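Number of protein chains: 2
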Amino acid sequence: MYSEHRFIRALLRQPVDRTPVWIMRQAGRYLPEYREVRKAAKEFLTLCKTPELACQVTLQPLERFPLDAAIIFSDILTIPDAFQMGLSFAEGEGPRFERPIRSLEDIEQLPTLDPEVELKYVMDAIRMTKHELQGRIPLIGFAGSPWTIATYMLEGQTSKTFAKIKKFMYAEPVALHRLLTHLSNTLIQYINAQIMAGADVIMLFDTWGGILSLADYMTFSLNYMEEIVKKVIRQHNGKPIPIILFTKNSAQYLNSMANTGCDAIGLDWTISLESARSLIGDRVALQGNLDPAVLYAEPDCIRREVARVLKQFGTGPGHVFNLGHGIYPDIDPEKVAVMVEAVHSLSRSPKRDAAGLDRDER
Amino acid sequence: MYSEHRFIRALLRQPVDRTPVWIMRQAGRYLPEYREVRKAAKEFLTLCKTPELACQVTLQPLERFPLDAAIIFSDILTIPDAFQMGLSFAEGEGPRFERPIRSLEDIEQLPTLDPEVELKYVMDAIRMTKHELQGRIPLIGFAGSPWTIATYMLEGQTSKTFAKIKKFMYAEPVALHRLLTHLSNTLIQYINAQIMAGADVIMLFDTWGGILSLADYMTFSLNYMEEIVKKVIRQHNGKPIPIILFTKNSAQYLNSMANTGCDAIGLDWTISLESARSLIGDRVALQGNLDPAVLYAEPDCIRREVARVLKQFGTGPGHVFNLGHGIYPDIDPEKVAVMVEAVHSLSRSPKRDAAGLDRDER
Chain A
8 MYSEHRFIRA LLRQPVDRTP VWIMRQAGRY LPEYREVRKA AKEFLTLCKT PELACQVTLQ
68 PLERFPLDAA IIFSDILTIP DAFQMGLSFA EGEGPRFERP IRSLEDIEQL PTLDPEVELK
128 YVMDAIRMTK HELQGRIPLI GFAGSPWTIA TYMLEGQTSK TFAKIKKFMY AEPVALHRLL
188 THLSNTLIQY INAQIMAGAD VIMLFDTWGG ILSLADYMTF SLNYMEEIVK KVIRQHNGKP
248 IPIILFTKNS AQYLNSMANT GCDAIGLDWT ISLESARSLI GDRVALQGNL DPAVLYAEPD
308 CIRREVARVL KQFGTGPGHV FNLGHGIYPD IDPEKVAVMV EAVHSLSRSP KRDAAGLDRD
368 ER
Chain B
8 MYSEHRFIRA LLRQPVDRTP VWIMRQAGRY LPEYREVRKA AKEFLTLCKT PELACQVTLQ
68 PLERFPLDAA IIFSDILTIP DAFQMGLSFA EGEGPRFERP IRSLEDIEQL PTLDPEVELK
128 YVMDAIRMTK HELQGRIPLI GFAGSPWTIA TYMLEGQTSK TFAKIKKFMY AEPVALHRLL
188 THLSNTLIQY INAQIMAGAD VIMLFDTWGG ILSLADYMTF SLNYMEEIVK KVIRQHNGKP
248 IPIILFTKNS AQYLNSMANT GCDAIGLDWT ISLESARSLI GDRVALQGNL DPAVLYAEPD
308 CIRREVARVL KQFGTGPGHV FNLGHGIYPD IDPEKVAVMV EAVHSLSRSP KRDAAGLDRD
368 ER
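Sequence lines, in order, name chains A and B.
The opening position of the first sequence corresponds to residue 8 in my numbering, with each subsequent residue numbered one higher.
The opening position of the second sequence corresponds to residue 8 in my numbering, with each subsequent residue numbered one higher.
Take these hints with a grain of salt, some might be off.
Copies of the same chain look alike in the list, so a pair counts if it fits in one copy or across any two.
[To be verified] Using 20 Å as the maximum straight-line C-alpha spacing, the simulated PhoX-like pairs for lysine-lysine come out as follows:
1. K255 to K167
2. K246 to K137
3. K174 to K342
4. K342 to K171
The hints are simulated quantities; they were obtained by calculation from the structure and are not laboratory data.
Please read all numbers here as calculations on a predicted model, not as lab measurements.
With the rest of the complex left out, here is chain A (with noise of 0.2 Å):
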């Protein structure tokens, strides 16, 4: 199927004029203009929920930089706190929640959701997002996987040892199977949600799988975010929807992971995409994966270090250039410019541009 966005053409594995570029947390506190309007807010909540802020803030790094996709405003903890479980996010804290999960007796208590009613501020803010957008660059919805979700509603806020849902997992598996197996349907119509309000582009975050060893890691995680890939819709209005999975430290995982039929997946820094593509060879795109701390580096190294990620990936079809984690609060936003001019500038070849591809899009 024709896309005529590199983004998308990219994520398919089909041939592009350069490598395309997005910044995981690219609408954030890195960004003055960001900072402004979440003072104003004051919650971090009340950015998300309120459609007209969460639009605002997704264009603002569109403004700076000419990214090849936009990704909504908003957080993986949409759906626990819309199971009503008293989300807040105190200031450099993190998340926290009122009332976690317990016992299988919470879980069995979880309201099954309607996304265009207790989530609809999201589909909200993709609707407004993509008029805005009109279409110029794809713009991406997300969700986190089953197991991160599940992690933060049992241990409540952020952990270190992850003590209570491995206690949960060890003690009462088939009550965590039933928390994930609600997560999951949860999922596969927040997610169709947002791609029925315009989202042309799904991740799926599964930010703590990378706590578990292999087998669990297969039985508690990737289970669940294989069984969103085989159920959300993958093709609307007649354009394919393609899904990228992103979990860290994930150099084990991948041959499974890209078995699950997602379209592309998501790599930190600590592998190269070079032995990425020799684990899993050409069968989805990968999108990654420079080290986010390079930004921190002066022009000239940020530059060297683009140069480094794309020949590692090679010329083939099937990159998309990212940072490997979300960008830092403290990083310069000249920095990104110079990132993406690279980016675009290195990985136009001649060649490419005999070929003439895309070429409305230059």
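Mind docking chain B on chain A? Use the hints.
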């Protein structure tokens, strides 16, 4: 070369009567008797620097559990502390340096240490502990890797993004190499002094190697560990001194780690022993790798997970059982007893008994 200890024999990939087991941080906060000594000492560093106390807490877990090795109570930051960088440990906050490294000049001013002077307290603790152990089980000496120690010296404290050392790495690689060289040279002297004082085995902890890309890991971390492995004493008093390397999230590096000439590799729990063996074959012994969170589970589950780890390794020689990370401070010591008992009883096969190996050790 022959050793009567199953721990040493396993590290040398020789047959054993049952799988040896010890626990990272076995002398630590999960033990009430440790917390008592720690409280009386007031400062964490006082514990490290008072040989009688270090010896006392080193021996504590051996009173409770039939462990196959002791590890000297110390810290990976003894070296930068001896550099007079103003190390302190604030309660629940981790290490902090008053005068972190900021420039090449700071690096050039670092002193050359004589381990038997500035770090004599470590050797005294080893000598004292060896005397108390009377050869019953081997004593492990240890150190941080050059990269990991450099990380603390530059960051000045625990970090999430490692901005300072990465900025330095990208901007001033020559200066960083100079620091790593000085640390390697210091570590070689330090490790040799530990061996002369009686350490039977050496373990190098590369806690922060896993934050690097593969290429940077090879250049800035493994390269220097290899230097150390190649240059330290490997035999003493007619006995082999095995060396164990430990890096978190090491799946990608395993092959290169095995090529350094080390005897064993410590694995966290995110890789299965089976995958590790298929990646590196039988060149080195493997140490690990139960998820430390399994000790939150009930005894039946602990036994089941121990059995899983033993089964994943298989029946060949060269396995030392351990957790994949230091034991968490809120673990019930009774759970450790269950784990140690399970390792010994489940790995004791009739075939091994018939062979009569190490019968005197039972």
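Hint-by-hint comparison with the structure:
no. : hint         : result
1   : K255 to K167 : both (15 Å within a copy, 15 Å between copies)
2   : K246 to K137 : within (15 Å within a copy, 71 Å between copies)
3   : K174 to K342 : between (43 Å within a copy, 13 Å between copies)
4   : K342 to K171 : between (40 Å within a copy, 16 Å between copies)
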